Each structure stands twice: as structure tokens, then as C-alpha cells.
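Use the sequences and the hints to build the structure in full.
If you're matching them up, the sequences are chains H and V in order. For the record, in the first sequence the residue sitting at position 212 is 212 according to the working numbering, with numbers rising by one throughout. For the record, in the second sequence the residue sitting at position 23 is 23 according to the working numbering, with numbers rising by one throughout.
Check each hint, because a few of them may be wrong.
[To be verified] Which bits of chain V does chain H cover? Going by a derived footprint, with three or more residues having C-beta under 8 angstroms, they are:
1. 67-75
2. 98-112
3. 128-135
4. 138-147
5. 178-190
[What the hints assert, rightly or not] For lysine-lysine, the following PhoX-like pairs were computed, each having C-alpha atoms within a straight-line distance of at most 20 angstroms:
6. K46/V with K46/H
7. K173/V with K116/H
8. K135/H with K137/V
9. K46/H with K135/V
10. K135/H with K46/V
11. K135/H with K173/H
12. K135/V with K137/H
13. K179/V with K135/V
14. K137/V with K137/H
Because the hints were derived from the structure by calculation, they are not lab data. Since the structure is predicted, the reported quantities are computational estimates derived from the model, not experimental observations. Glycine included, C-beta positions come from ideal geometry on N, C-alpha and C.
Protein chains: 2
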Amino acid sequence: MGLEGEQVHQSGSGWSPVYVEDNLAVMSIGFLLSSPDDAVIWRGPKKNGMIKQFLRDVDWGEVDYLIVDTPPGTSDEHLSIVQYLSGAGIDGAVIITTPQEVSLQDVRKEIRFCNKVKLPIIGVIENMSGFVCPKCKNTSQIFPPTTGGAQRMCEELNLPLLGRVPLDPRIGKSCDEGKSFLTEVPESPAAVAYHSIVQKIRDYCSSHSASDDPC
Amino acid sequence: MGLEGEQVHQSGSGWSPVYVEDNLAVMSIGFLLSSPDDAVIWRGPKKNGMIKQFLRDVDWGEVDYLIVDTPPGTSDEHLSIVQYLSGAGIDGAVIITTPQEVSLQDVRKEIRFCNKVKLPIIGVIENMSGFVCPKCKNTSQIFPPTTGGAQRMCEELNLPLLGRVPLDPRIGKSCDEGKSFLTEVPESPAAVAYHSIVQKIRDYCSSHSASDDPC
Chain H
1 MGLEGEQVHQ
11 SGSGWSPVYV
21 EDNLAVMSIG
31 FLLSSPDDAV
41 IWRGPKKNGM
51 IKQFLRDVDW
61 GEVDYLIVDT
71 PPGTSDEHLS
81 IVQYLSGAGI
91 DGAVIITTPQ
101 EVSLQDVRKE
111 IRFCNKVKLP
121 IIGVIENMSG
131 FVCPKCKNTS
141 QIFPPTTGGA
151 QRMCEELNLP
161 LLGRVPLDPR
171 IGKSCDEGKS
181 FLTEVPESPA
191 AVAYHSIVQK
201 IRDYCSSHSA
211 SDDPC
Chain V
1 MGLEGEQVHQ
11 SGSGWSPVYV
21 EDNLAVMSIG
31 FLLSSPDDAV
41 IWRGPKKNGM
51 IKQFLRDVDW
61 GEVDYLIVDT
71 PPGTSDEHLS
81 IVQYLSGAGI
91 DGAVIITTPQ
101 EVSLQDVRKE
111 IRFCNKVKLP
121 IIGVIENMSG
131 FVCPKCKNTS
141 QIFPPTTGGA
151 QRMCEELNLP
161 LLGRVPLDPR
171 IGKSCDEGKS
181 FLTEVPESPA
191 AVAYHSIVQK
201 IRDYCSSHSA
211 SDDPC
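Okay, here's the thing in C-alpha cells:
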């Protein structure tokens, strides 16, 4: 997001998030640290307290979408988010995987978690899905889908596959430079995949929202 | 490790780990689940209890090395491991990164954590470090080291760079099949990098061990 070194401001209505663009605001624990290399050495309860503050004390204003990017796993962060937002009616979870079976094994646990806590699943995205050599245009499956990848898992578990994002060095470069990959390389296969995925998520949210509540 | 579906056995001297080979034993929470897709939905205190049990109640026998593979972050798992093993004299941490600045930002926090809890750092490994197209032999930096990668970070922080492991589809394939990549493709650049890294870690441990205690 290109927001390293940004600080959060306190106002009468709470913490103000940091605006990347007029319609994109971000909140991160990174904004509260005195140095960018500071480690946040916290056990679960303190993390849960901060998650609650981010939801309750940040002046988000009117939002169309609130996206929470969680770490991998099925522990404090995931339980707390689901619990604290239970009254708000979460539209659902977007699950990200890579194509190998070792990743799918973890992702199946994540899906089981969603089922247990009754969190709807909007769909699954397969990331790092093949790489086209920029010189000879040969496609390599760098993380081979030895058991059929996300597609087969989605078929088995009856979940929508939202799309596949191929590996592209320009993604990492854009991230490092804090630029939007979609603006930098709009015609790339990965950018086309992103757009298609976002459209599917928007369609899901508008068809599942009971009212005009934020998704 | 090819151990999916394995179970732990209880003996008079505690839980027996699962043996991959005569000289390689593994303990994992996966061995205690009734289904491989079961999610372990635990908050910090339960995770900490299990880590303690894995260290105290498993009949490890005589070991040369005890390797703990932690998730990313600086939270319960990391604090508990350091705390529970404080009397044992941990030789040190091996830090893994990928080449991009967004990864190095997280890894610098991990290094700061090690410094704070006085955990020595054996060195840093750069993973996913370039990809050679199998067809045209062109090298792509799929995760470009826009700020100099692990090498520059190690120079700045005065840490040893243990090595760089390139991307190779045969790594993922071996992992998915539960086979040893080093046995499957022993001459590959990634296998050579692994061997060199392991040798450096062994050298570090033998030069830093005060006694013949396990590393």
C-alpha cells in the first residue's frame, strides 16, 4: 500500500485510518509502532484487544466494504474477528491457497474452521498459479497442483473457485514500491485475473446483502 | 514428510514420535487429529499447553538436533518455545525470508524479536530466490529483491546469510509426494544449496555447543 512510516491520527470520533486514495482507507498495527522494524510481541489476549479497538475505535465512516486480512491459521485472530463481528453479519470469507497439496491441506482446515463457526465462504482463489517465462513464453507450474489444485478441492467441497492468479515478478515489484499493480500493468494476465475475481466478490456481496449494509 | 494419517503411540515413557527414518523423528499436532481436515481451533493458552506437552511428554530419546518449525510472527508460539527451552540453551534461530522488501519488513521484526528475547541467530536463508526456466534456461527473479534481498539485510544487520534456495517445481512435487527432494534430485542447484546451508548450521552448532548437549 506504500504506507510505511504513516501515523494514525486521533480525532474526537476515534482513530482516523490512513487514506491511500479517497475511497481506500487502511488501519494497521504498523502505524502505531515507533520504528518500522519494531516487533509486536503479544500473546493472544493483547492481539484480541487490538482487533476489538480496530473495529470499535476507528472512525471508518461509511464503507461499502470492510476487508480484514488475517494471518494463516485458525486461532485467536480468526476467532476474535468472527466473534466481534457476529452481530454485523459478515458476508463471508475469501480463502487463498497455492496449488500444491501441502497448501491445500492447510486450506481444508481453514474451510473446516469457517464451517464450524458458520462463516459463509465467498470462494477460493488460487495464487502463484503457474509462471510464463518472459523470454520463451513457456509455462512452468512452479508449485505443481499434484492433486488437482484449488479447482479439484473446490469441486470436492462444492465451493466456487473465484480465479487463479499467475506468478508475475511485477506483482512483487509493485508491492515493494507501494504502487498499484492493476494500474502499473493493467493488461497483464494477473491483472485480468484480479479484476475478474473482484467482480465475482462484488456480485456475491450484492446478491447476499439483506440491506444496503456494508459488505 | 509423507506422514499424513500417522498416529502417535503412547508408551510408559510418554508419547512416541513418528519415525520417518531411523534418525529422524517427528511430532505434530496433525498426528492427534481424527481427520486430516480437522482444524485446531485453539487460542493461545491451549497452543502453549500443547507446545509444553510436545517438549516434556514426548519420548524424544537421545537427539543431536531438535528443530522447531514455527509459524510466522512474534506471538504465543515464539514466546512459549523460547520460555520453555530457556534452561536448555537454544543454539539459535534460523530465519527464512523471500527476496522482496515486503517479506524483509516482516523478517526484520522477527530478528528484532530474537534480539529482545536474547535468542542467538544462526543465520538467514533466502528462499524462492530466482527461477531458471526449464526450457530456455533464462533466470527470472519472480520475487524481485528490490532492496537488495536477504544479502543486503544481512550486511546491514551483521548476520550470516546461510544461502539462497532457488524455486524448483520438483521441491513442491517431492513435498506433496512425501519424498526427500535431496534424494530425488540430488544434483539440482536447490539440493546443492540445501546441503551447503545444513553444513553451515552444523558448523555453527558444533562451534557454539558448550558440551555434547543436543543442539
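Against the structure, the hints:
Residues of the stretch 67-75 of chain V with a Cβ under 8 angstroms from some Cβ of chain H number 5, which satisfies the need for three, so the listed coverage holds. Evaluation of the coverage hint for the stretch 98-112 of chain V: fulfilled, as 9 residues show C-beta separations to chain H shorter than 8 angstroms, against a requirement of three. Counting residues of the stretch 128-135 of chain V whose beta carbon lies closer than 8 angstroms to any beta carbon of chain H gives 4, which meets the minimum of three for the stated coverage. Check on the stretch 138-147 of chain V: 8 of its residues sit with their Cβ under 8 angstroms from a Cβ of chain H, so the three-residue criterion for coverage holds.
Given as covered by chain H, the stretch 178-190 of chain V fails the check, having 0 residues with a CB less than 8 angstroms from a CB of that chain where 3 are the minimum. This hinted pair checks out: K46/V and K46/H have alpha carbons roughly 16 angstroms apart, not beyond 20 angstroms. Of the pairs offered as hints, the one joining K173/V and K116/H is violated, with about 31 angstroms between alpha carbons and a cut-off of 20 angstroms exceeded. Between K135/H and K137/V, the direct Cα distance comes to roughly 9 angstroms. Compliance with the 20 angstroms bound is thereby established for this hinted pair.
Proposed proximity of K46/H and K135/V is contradicted: the alpha carbons are some 51 angstroms apart, above 20 angstroms. Taken as a hint, the K135/H and K46/V pair is broken in the structure, with Cα atoms around 51 angstroms apart against an allowance of 20 angstroms. Using a Cα cut-off of 20 angstroms, the hinted pair K135/H and K173/H holds, with the two alpha carbons roughly 18 angstroms apart. For the hint linking K135/V to K137/H, the alpha-carbon distance of about 9 angstroms falls within 20 angstroms, and the restraint holds.
With a CA separation close to 25 angstroms, the supplied pair K179/V and K135/V exceeds the 20 angstroms bound. Of the supplied pair hints, the one linking K137/V and K137/H holds, its CA atoms being roughly 12 angstroms apart against a limit of 20 angstroms.
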